[in-house]
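Work out the full structure: start from the sequences and follow the hints.
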Amino acid sequence: MGEVLITVGVVALLYVAWQLWIGDLIFAAQKAAVAKSLSEEWAQEAAAVAPTASPSPDATGTPAPEPAAVTADPIVLPEADDGQVFANLYIPRFGPDYAVQIAGGVTREKTLDPIGVGHYPGTSMPGAVGNAAFAAHRTTYGKPFNRIADLHVGDAIVIETPEGWYTYRFRTLEYVTPESVDVLLPVPQEDGVDANGRYLTMTSCSPMFSMSERIVGYSSFESFTPRSAGPPASLTGGVTS
Amino acid sequence: MYGALWRVLPGPWWVRLLILLVAVALVLYGLFFYVFPWASEFINPQEVTVE
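Line order of the protein sequences matches chains A and B.
If you're matching positions, the first sequence starts at 1 in our numbering and goes up one per residue.
If you're matching positions, the second sequence starts at 1 in our numbering and goes up one per residue.
Quick caveat, the hints were computed from the structure, so don't treat them as lab data.
Ideal Cβ positions, reconstructed from N, Cα and C, are used throughout, including at glycine.
You can take every hint at face value.
Pair ranges (Cβ atoms, derived):
#	chain 1	residue 1	chain 2	residue 2	range
1	A	81	B	34	21 to 31 Å
2	B	23	A	197	51 to 61 Å
3	A	173	B	19	51 to 61 Å
4	A	150	B	14	43 to 53 Å
5	B	23	A	238	41 to 51 Å
6	B	28	A	196	48 to 58 Å
With the Cβ distance kept under 8 Å, some of the chain A side facing chain B (calculated, not the full set):
#	residue
7	4
8	11
9	15
10	22
11	26
12	106
13	136
14	138
15	139
16	176
17	180
Encoded structure:
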């Protein structure tokens, strides 16, 4: 009997270790790996469509083609279905290996638990005028938004789709009640106001391991970098401050 | 319980130890990848969306 009780105690301690540490190592590594392979897939597809993207020097002396524009008007994708992956999210502040997929919908069973970041249905898609709103776990399941409270003003929030990269810059944090759906409005918390800018809202749980409040992060749009121009400096340049 | 397990395992002590280590690894794998993710639904329910 004593050995059974000791075993139960050890399993309980193992659960705590899994919940706080090991499980997230496993989930986060898995999620970053699938996001990176998706990114490579998009890069290969783009290279197959435009084989001249990397010009090789030739002997005919033709002038090199104009370098692709580094920014352009953002291409706005149609809204994704529930659980359908349409983008990757990168936040350099969370480390160079941080990558997580974004799918449509914010249900736990289809998007938040198995995939990572969810896009609130009915909010703007990345790059569109208005508010693009996302949710993700702050603990467990690879905890994509675990360090949301560590973001600094101006930190890059980069979303990659097959079309290119959308760079947002972090502005501010807020703590709200779970019913505060007005953070999803086209201009967050401004009812009945038409958006004249492009915003990004992230929601997660607060405090950690609790359901009593929500933490909300707001960012504003900086630029769109088309696929042909390659990854933007906001992604490759590391953390600025 | 563990004493009985040790006695029924075949072979010299290092073979028994090897079998036990493999068994422990399998149990940990099952716990970390299947049992704990399932259990966390009940132990630590979470809501991250505003609604």
